[in-house]
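S.K.: Generate the whole structure from the sequences, applying the supplied hints.
2 protein chains.
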Amino acid sequence: MAESSRQDKAARQLKLLSDALDSGRLGPVRRMVNSLSPAEIGNLLESLPPAKRTIVWGLVDAEDDGEVLVHVGEEVREGLLAAMDTDEIVAAAESLDIDDLAELMEDLPDQVIDEVLRSMDRENRERLEQVLSYPEDSAGRLMNPDVVTVRADVTVEVVLRYLRLRGEVPDNTDHLFVVGRRRQYLGRIPLTALLLSEPGKPVNQLIDEDDQGAIAVDTLTAEVAKQFEIHDWISAPVVDENNTLLGRITIDDVVDIIREQAEHQVMSAAGLDEEEDMFSPVPRAARRRIIWLGINLGTAFLAASVVGRFEATIEQVVALAVLMPIVAGMGGNAGTQVLALMIRGLALGQVSSANVRVLLWKEFRVALLNGLALGALLGFIVWLWFSNIALSGVIFAALVITLCCAAIAGVAVPLALRRMGFDPALASSIFLTTVTDVMGFFAFLGLGTWLLL
Amino acid sequence: MAESSRQDKAARQLKLLSDALDSGRLGPVRRMVNSLSPAEIGNLLESLPPAKRTIVWGLVDAEDDGEVLVHVGEEVREGLLAAMDTDEIVAAAESLDIDDLAELMEDLPDQVIDEVLRSMDRENRERLEQVLSYPEDSAGRLMNPDVVTVRADVTVEVVLRYLRLRGEVPDNTDHLFVVGRRRQYLGRIPLTALLLSEPGKPVNQLIDEDDQGAIAVDTLTAEVAKQFEIHDWISAPVVDENNTLLGRITIDDVVDIIREQAEHQVMSAAGLDEEEDMFSPVPRAARRRIIWLGINLGTAFLAASVVGRFEATIEQVVALAVLMPIVAGMGGNAGTQVLALMIRGLALGQVSSANVRVLLWKEFRVALLNGLALGALLGFIVWLWFSNIALSGVIFAALVITLCCAAIAGVAVPLALRRMGFDPALASSIFLTTVTDVMGFFAFLGLGTWLLL
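Chains W and R, in that order, are what the protein sequence lines are.
Position 272 of the first sequence, counted from 1, bears residue number 272 in my numbering, the numbering being contiguous throughout.
Position 155 of the second sequence, counted from 1, bears residue number 1155 in my numbering, the numbering being contiguous throughout.
Incorrect hints may appear among the rest.
[Claimed, not checked] Selected chain W positions facing chain R (in silico; Cβ < 10 Å): (1) Lys15; (2) Ser18; (3) Glu223; (4) Val282; (5) Ser305; (6) Ala312; (7) Ile314; (8) Ala334; (9) Ile343; (10) Val351; (11) Ala373; (12) Leu377; (13) Ala412; (14) Ala416.
Worth flagging that the hints you see were computed from the coordinates, not collected in a lab.
Just so it is clear, the structure is predicted and the values come from calculations on it, not from any experiment.
Here a beta-carbon is modelled for each residue, glycine too, at the ideal position from N, C-alpha and C.
M.R.: Here it is as structure tokens:
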């Protein structure tokens, strides 16, 4: 990691840019910013506090505006759009591919959307409207309708002539799609096959028989990403239920999805939205986070109410109050480990009713083993501290019980949430720590009441 | 999420396969497994408990063995390799590309490595040894030395003839690399440009001037992934310090890196290794996790020792013991939110000394605002519960203080760890919760001692 911080180009750019901004000389800032790719500019804008962000945004070349907007998170994008007038937005939109434009359209005010649609030619407008007609998390929204198609009965030579006539092909074109008379999808031809073949060969002999997968237009984007990973695709055709070719998804969009999934998993575990701007205004950030904290406050009261039932015990053995956070905390940590394994397994489709019992039994034994070992250690330290062997026994037993419950909860909570239709990455940790806190306090104080009074 | 579980192909395959295995008829199992791609087989093997895993592994077509080995996690791979004899491993190795083979070699016993090297022709052996000579996390290890190069002074027609003569090109070839006499890298030509150009054109006119990035062989893999994302590359050339072309990195390897980074972040936050087998043997899994739990036990004692200093206070006001987990827990939750933002920001290079003060000030104000709001709510509930206005005041003030400390720790802990050369994703949460526990207990019990006794 020390290595990577030394190499961290983005952080270096940020430092240079901030220094230039502070010095107030905007010429060097403009030159620096416009030497970067749109993705880098987007990353840089996200790193800047709002005031500096607005200044830098004003210095970005107009031709990059569209691409930069696509590369920033939703909340940052809203701020950038607010700083543009309608003409600038329309110009930015015109520079985008259909799939990127579709993503941007969701965040535009209605009046601007009308302007953008009016500025497009009929073919592109119809394509955009088609893409927008599919649900947000579907392959249809991800696809670009701009594809190169050929008919099955022509020769390589004809295709090559057609391509030269066409003059250009969309970015990341690695295959041509072979379609029938009514645009039904028949297969795809790698560009390399075209290059390697004799001119007289009919193209239908070049169709890649091993790689005939087409993505249904209603496939969820998460499943699209999996298919790309499984097959090492660069691009894949999208078809409707009649096998009509609608468009093409390319790996760059899939990489974005994978990044977003990863961010979603990390951020939602802390109750955050992955689209959150690091520098969002304080009242907005506070409002968002308070919901999560409020839910946690509720579950904390649940745990406190368990402790409250043992007030009389604590009054007599104050050491129980001193030690109880240890038991509950260890339960939370052990449960979190099981949870992390489970959430990964669920995301990869590696956990199902077929193996969950084996997994539960394994995790239970791991917890029992670690509970016995750490419980013995904990009991020994407590004996050194309080010289009370009964107290040592109580904390030993409580830890074993709590870790075993934590393991069971770690397996059961994400499964139950998923079955109820919730995102296990989002809500599991709240429920898990509620279980481990309640069980930890109950086991420790309950055993204490029973054995120490 | 309910949607995605319905669509989850991997989980469905797992269920079908498990049922077939349970029925004991291996014919259908073999057919089912071998209808899948190596990546899917790998995912399936990872989902199976060890006994079933060994059976299914024995049924996989030998020709897929190599690819499957590359697609599973390290721990699972060790188990699969243990079930193979030397001849099988050598045969599997022979089917792999150099970059994949390099990854596999690390896990092979020395004697098998010798066998594999002996089975290769000299050119491939030298290529493999070159790849293996670079550090594990570098571009050199990721690259495949098998690339198609052309000289600058030939025409499109000559290149096309050369390609037809060559007969095939490596997977994911989207560019040809133009090199000089001593293999120095001069630029790259998109395959599409070859297809679109007149045969008589010299290839040096086709060099893509906008896209001249080459990756230095010692670049860290994380930086390689960032560059691919920034430039939407499908493949990129790797050069040494003299600009000599050494090989090529392709997007499929980059997608694997991005997945691994995401897994690392999620798993290491719970003190787990992302290579961990979901079904690793109980003693092994227990041994691994106990280190993390042991560290947490140490920090829990630190927090408990703070509580221990206030035993006399708790004896007199037991309500403090009941309520203290709420304050500490809320601090932990609020701090975790800040931490999640910070770790993402650090990973993306969006946080540096240039903006950390602005960020800290923003997070402090968010914490203050939420501390005041939640503290007031908490104080009111405590007043309803215990009818003690002084206690309400104490918990109000303690929560405000704890949340503000949590915000500061959430920003400072990952930065400090990173500066000391540790991975912030790994160790931050332990340090953060130690701070929030200690501060939460100290503020609440300290104020209680001062104001309630």
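S.K.: A separate judgement is required for each hint: does it hold in the structure or not?
M.R.: Evaluation of the provided hints:
1. Lys15: With a closest approach of 5 Å, the Lys15 of chain W hint holds.
2. Ser18: This interface hint holds because 4 Å falls under the 10 Å limit.
3. Glu223: holds, 5 Å
4. Val282: holds, 5 Å
5. Ser305: holds, 8 Å
6. Ala312: holds, 8 Å
7. Ile314: holds, 5 Å
8. Ala334: holds, 6 Å
9. Ile343: Hint on Ile343 of chain W: holds, closest Cβ of chain R at ~7 Å, below 10 Å.
10. Val351: OK, holds: Val351 of chain W within 10 Å of chain R, min 7 Å.
11. Ala373: Result: holds, 6 Å to nearest chain R Cβ.
12. Leu377: holds, 7 Å
13. Ala412: violated, 16 Å
14. Ala416: violated, 13 Å
In the structure shown, a violation is registered for the earlier hints numbered 13, 14, in ascending order.
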